[in-house]
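Using the hints provided, position chain B relative to the given structure of chain A.
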Amino acid sequence: NAGVTQTPKFQVLKTGQSMTLQCAQDMNHEYMSWYRQDPGMGLRLIHYSVGAGITDQGEVPNGYNVSRSTTEDFPLRLLSAAPSQTSVYFCASSSQGAQPQHFGDGTRLSIL
Amino acid sequence: DQQVKQNSPSLSVQEGRISILNCDYTNSMFDYFLWYKKYPAEGPTFLISISSIKDKNEDGRFTVFLNKSAKHLSLHIVPSQPGDSAVYFCAASARWGNKLVFGAGTILRVKS
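Chains as they are written, first to last, in my numbering: chain A, 3 to 114; chain B, 1481 to 1592.
With the rest of the complex left out, here is chain A (with noise of 0.2 Å):
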């Protein structure tokens, strides 16, 4: 049972390079989101995705790109990396405006 699969699950980059986060999920669900935890802050809302084709954007966007080619895989791109983009990412799916949301377990970004 895969469930939700990040990669890699640890990353240092410099400051300016670009990167992008892979997510794959195998429960066949429409609904699919990238949050970012940092200390005190809980989770944030990146980007969602309710189905193949369809983004929007979450709570703290900026920075960040995203695309939905398949069902399947959601991932994230950092375009130009930044210091404050040092994070720990998740991501996370489920079914069509049902809950609970199931995660992956984080990709932790450092960059410099």
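Each hint should be verified, as a subset may be incorrect.
Said to hold, decoys possible - Cross-link-like lysine-lysine pairs, in silico, DSS-like; alpha carbons within 27 Å at most:
id : chain 1 : residue 1 : chain 2 : residue 2
1  : B       : Lys1551   : B       : Lys1579
2  : B       : Lys1579   : B       : Lys1536
3  : B       : Lys1485   : B       : Lys1579
4  : B       : Lys1517   : A       : Lys11
5  : B       : Lys1579   : A       : Lys11
6  : B       : Lys1548   : B       : Lys1591
Hint data in this document are derived by calculation from the structure and do not stem from the laboratory.
Showing chain B alone in chain A's frame:
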């Protein structure tokens, strides 16, 4: 402006006693509430939820209470076990929606 607040950053409880974690919300559109549990280096795991049409939901040692007039919910764990030591996040969503708004989390330590 935090829509979901967990005002206690941490809580320490003796094994076998009750743990009570609290959560307040401000948005009247929220009608579904969830508690997630998170261990270090893992993603949040769904624990229990409650719809606004109920005031209590129970699952084994875990009970969630909802007071809509006070916009307050609480999670009771009885009896507390050392394995319950984790970060607990309160989250809320609006009707028919998937987007979750999270509180900052409460670190629970259960001492044996």
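Cross-check of the supplied hints:
no.: 1; hint: B:Lys1551 / B:Lys1579; result: holds (19 Å)
no.: 2; hint: B:Lys1579 / B:Lys1536; result: holds (23 Å)
no.: 3; hint: B:Lys1485 / B:Lys1579; result: holds (17 Å)
no.: 4; hint: B:Lys1517 / A:Lys11; result: holds (20 Å)
no.: 5; hint: B:Lys1579 / A:Lys11; result: holds (24 Å)
no.: 6; hint: B:Lys1548 / B:Lys1591; result: violated (32 Å)
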